[in-house]
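There are 2 protein chains.
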Amino acid sequence: MAEKKVSRRRAIGLAGAGVAGVVGASAVGASILADKSEKPTDTTFSDAIAFHGATQAGIVTPAQDRLHFVAFDVLTKDRDQLVQMLKDWTAAAARMTAGQDAGPIGATAGILEAPPDDTGEAIGLPPSGLTLTVGFGPTLFRDSSGKDRFGLAARKPAALADLPHFPGDTIDPAISGGDICVQACANDPQVAVHAIRNLARIGMGVVSVRWSQLGFGRTSSTSTSQATPRNLFGFKDGTANLKAEETDLIKEHLWVRPEDGPDWMAGGSYAVTRKIRMMIETWDRSPLGDQENIIGRTKGEGAALGQAKEFDEIDLVAKNGDGDPLIPVDAHVRIAHPDTNNGAHLLRRGYNFVDGSDGLGRLNAGLFFIAYQRDPRTHFVPIQTNLARHDAMNEYTRHVSSGLWACPPGVTGPDDFWGRGLFA
Amino acid sequence: MAEKKVSRRRAIGLAGAGVAGVVGASAVGASILADKSEKPTDTTFSDAIAFHGATQAGIVTPAQDRLHFVAFDVLTKDRDQLVQMLKDWTAAAARMTAGQDAGPIGATAGILEAPPDDTGEAIGLPPSGLTLTVGFGPTLFRDSSGKDRFGLAARKPAALADLPHFPGDTIDPAISGGDICVQACANDPQVAVHAIRNLARIGMGVVSVRWSQLGFGRTSSTSTSQATPRNLFGFKDGTANLKAEETDLIKEHLWVRPEDGPDWMAGGSYAVTRKIRMMIETWDRSPLGDQENIIGRTKGEGAALGQAKEFDEIDLVAKNGDGDPLIPVDAHVRIAHPDTNNGAHLLRRGYNFVDGSDGLGRLNAGLFFIAYQRDPRTHFVPIQTNLARHDAMNEYTRHVSSGLWACPPGVTGPDDFWGRGLFA
Numbered sequence: 000m001a002e003k004k005v006s007r008r009r010a011i012g013l014a015g016a017g018v019a020g021v022v023g024a025s026a027v028g029a030s031i032l033a034d035k036s037e038k039p040t041d042t043t044f045s046d047a048i049a050f051h052g053a054t055q056a057g058i059v060t061p062a063q064d065r066l067h068f069v070a071f072d073v074l075t076k077d078r079d080q081l082v083q084m085l086k087d088w089t090a091a092a093a094r095m096t097a098g099q100d101a102g103p104i105g106a107t108a109g110i111l112e113a114p115p116d117d118t119g120e121a122i123g124l125p126p127s128g129l130t131l132t133v134g135f136g137p138t139l140f141r142d143s144s145g146k147d148r149f150g151l152a153a154r155k156p157a158a159l160a161d162l163p164h165f166p167g168d169t170i171d172p173a174i175s176g177g178d179i180c181v182q183a184c185a186n187d188p189q190v191a192v193h194a195i196r197n198l199a200r201i202g203m204g205v206v207s208v209r210w211s212q213l214g215f216g217r218t219s220s221t222s223t224s225q226a227t228p229r230n231l232f233g234f235k236d237g238t239a240n241l242k243a244e245e246t247d248l249i250k251e252h253l254w255v256r257p258e259d260g261p262d263w264m265a266g267g268s269y270a271v272t273r274k275i276r277m278m279i280e281t282w283d284r285s286p287l288g289d290q291e292n293i294i295g296r297t298k299g300e301g302a303a304l305g306q307a308k309e310f311d312e313i314d315l316v317a318k319n320g321d322g323d324p325l326i327p328v329d330a331h332v333r334i335a336h337p338d339t340n341n342g343a344h345l346l347r348r349g350y351n352f353v354d355g356s357d358g359l360g361r362l363n364a365g366l367f368f369i370a371y372q373r374d375p376r377t378h379f380v381p382i383q384t385n386l387a388r389h390d391a392m393n394e395y396t397r398h399v400s401s402g403l404w405a406c407p408p409g410v411t412g413p414d415d416f417w418g419r420g421l422f423a
Numbered sequence: 000m001a002e003k004k005v006s007r008r009r010a011i012g013l014a015g016a017g018v019a020g021v022v023g024a025s026a027v028g029a030s031i032l033a034d035k036s037e038k039p040t041d042t043t044f045s046d047a048i049a050f051h052g053a054t055q056a057g058i059v060t061p062a063q064d065r066l067h068f069v070a071f072d073v074l075t076k077d078r079d080q081l082v083q084m085l086k087d088w089t090a091a092a093a094r095m096t097a098g099q100d101a102g103p104i105g106a107t108a109g110i111l112e113a114p115p116d117d118t119g120e121a122i123g124l125p126p127s128g129l130t131l132t133v134g135f136g137p138t139l140f141r142d143s144s145g146k147d148r149f150g151l152a153a154r155k156p157a158a159l160a161d162l163p164h165f166p167g168d169t170i171d172p173a174i175s176g177g178d179i180c181v182q183a184c185a186n187d188p189q190v191a192v193h194a195i196r197n198l199a200r201i202g203m204g205v206v207s208v209r210w211s212q213l214g215f216g217r218t219s220s221t222s223t224s225q226a227t228p229r230n231l232f233g234f235k236d237g238t239a240n241l242k243a244e245e246t247d248l249i250k251e252h253l254w255v256r257p258e259d260g261p262d263w264m265a266g267g268s269y270a271v272t273r274k275i276r277m278m279i280e281t282w283d284r285s286p287l288g289d290q291e292n293i294i295g296r297t298k299g300e301g302a303a304l305g306q307a308k309e310f311d312e313i314d315l316v317a318k319n320g321d322g323d324p325l326i327p328v329d330a331h332v333r334i335a336h337p338d339t340n341n342g343a344h345l346l347r348r349g350y351n352f353v354d355g356s357d358g359l360g361r362l363n364a365g366l367f368f369i370a371y372q373r374d375p376r377t378h379f380v381p382i383q384t385n386l387a388r389h390d391a392m393n394e395y396t397r398h399v400s401s402g403l404w405a406c407p408p409g410v411t412g413p414d415d416f417w418g419r420g421l422f423a
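Heads up: the protein sequence lines correspond to chains C and U, in order.
If you read the first sequence in numbering that gives the first Met the number 0, its first letter stands for residue 0, the second for the next number, and so on.
If you read the second sequence in numbering that gives the first Met the number 0, its first letter stands for residue 0, the second for the next number, and so on.
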């Protein structure tokens, strides 16, 4: 399907039916953005991000502010039906990331006798930097009984080996795994939710929502153009994250190479998702000095202990006056550091979450961790094994959900679709 | 406590300890807002809203974009301890709404041996229009066994009578009721979450979190300066909402008058909260015409059926060519209209929510309804009785949480505190 360069703003003006009497496209288009007391109009913040490309958007894209992540179970046993849905999804994703309705008719311009092909809650909202990133879980290739559901078992990447159980894991299967995931990131949560909801609508009968997660504040920078945000421990998070501009490291650690195999994953990346509950009430009772020693950075500036500034190089060898390491042996920055992990770098783009409360008088809060890498077996798995064993932060965290996803290369144009290489 | 006019931006610059080497206050202050690819810098959007005043902010204040609502249970039996916490909360609320840390020391400037008096995740973020609005639930006056816990039973407003069970209600007690609520609204969710989290931290041992709810998109305008947003049915919501500028209606329907009694509620208002799950998957399969007949408005423009524009007067009498009412007898706008409810108006300031999924393949999504009024017995209760019996929309909604709150008048200055009148 050819993309029409018509945004939701203009689409509603063109729609005609149902909007009779509107002063003009601009009146509706301006919509919620119209008044100064309302949402800001920074164009970079609200612009579209290109959907088509050699790699998927939403990975090295400067991390947007809001997340709606969803994992689907595939219901159908019919491979063709699944492929058709992926084609339909791709067309809708191309439209929505451009700020258009999910379908060519739209939320309001259809006949009264049929359900609209868009759900409407994003009418008048700009593209808001929406990216939609797809991934395939291990169970799509073989289900838990070992069955090759769609003739894909031979194409399963070796790198998509199930994650091990890590020490301390308290994973809830109901909010873990899944056959297909979609990561929606945007600067307006209504736009991210709209996108996931419309994909679920399009997939009705073919897939069903297994679990989904909203995140409200990015916890990593993925570009040197971004300031480092803070997680719910109150610390800057992602200072040492792999960034889009570090092209050599990106090449080495992020994108799957042709020689890594399988073919259909070249230019793709593997995502690991972990919902990490934080015991924030306990953390909030910890002395500032303890917090800084656990993280290995100062809370204000975010400098590694012993350094002055956030981006000063970490010195893992330096000792204090007593001859003890300046950065404690169990500090998070030490255990997670590439030097402690055979040089492995992750590209993280996690989000803070608060899911109400836990029935025990505490906020159900934490970090929804998302990390992209060339091979989880050499990256996330050894790093997390190290962290799970040694990180002082473990006293304040609990991993409750886990996911592993093979994210294929980008959709290169209107004739391409999510998973074309896999199903070829 | 006198308010110091120091924002978090500047506070971190002044803090000194832990931020050595920072280029200056502005470098840290600009923080996440620094770069163009990041959050917008519209000052109205990020400015502070006055905390002190005759009425509480967060009611007629133009509805901000994000919500974190929390209900607390009071744990202590000691009235003085409760009063002291309310004083401490008020001081922290005055600070945080001004964009300052929760406590006078702050997140990073304290001694290393003590927990900080702010949790730090809002460092560098502007006030973001934060309002904090407090309310007292029926159980604060008498617990479920009828006990007068704090000598307040005689001061319980008659208007705070328990809500009845409405037809179709499926209320979950675990996410309903509570002794004290705080509504945090802001244009940045991290700022709203930070405020609730710090109040919970300050209240540790005195109160505990009973339930809490995040909302990501306001579903009503409370000012004529705001465009009407859309709810998750994809329709404009709140077109006919009571607005700050309608001063006569506000006087008549919103604020408690001295003659209404009790004294301590004069200038206050009553809030009703309802978590309304929407069956969005079913809705999305409904034809456009059915959706419009259920709501009684067009989906695009939001005009009442038979009218051209959103704000055209609703005509409840008009008939179509067949002699049937243009606005169906069970349409939501008809049943909720003041003319159908003895002229009663509510000031609504609800929010969309998505709380992951429901384990049955559906998004757990809907509307967190908040409405303020002078007396729920003459406003919410008869309107909701009418809606519960007749509204065609009921097929697509389910009320799962309910709360009722006496929100006292505003805090008038540094010596006043939340609930001073009640505990006088």
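Hint data in this document are derived by calculation from the structure and do not stem from the laboratory.
Treat the hints with caution; some may be incorrect.
The list treats identical chains as interchangeable, and a pair is accepted whether it falls inside one copy or across any two copies.
As a list, the in silico SDA-like pairs of lysine to any residue whose alpha-carbon atoms are at most 25 angstroms apart [claimed, not checked]:
1. 308 with 112
2. 86 with 280
3. 250 with 318
All values reported here derive from a predicted model rather than from experimental measurement.
For each hint, the structure was consulted:
In this assembly of identical chains, residue 308 and residue 112 lie within 25 angstroms of each other by CA distance solely across copies; the values are 22 angstroms between and 63 angstroms within a copy. Taking identical chains as interchangeable, the C-alpha atoms of residue 86 and residue 280 lie at most 25 angstroms apart only when they sit on different chains, with a minimum of 21 angstroms there against 46 angstroms within one chain. Proximity of residue 250 to residue 318 under the C-alpha cut-off of 25 angstroms is found in neither arrangement, the shortest distances being 34 angstroms within a copy and 68 angstroms between copies.
Violated hint: 3 only; the structure is consistent with all others.
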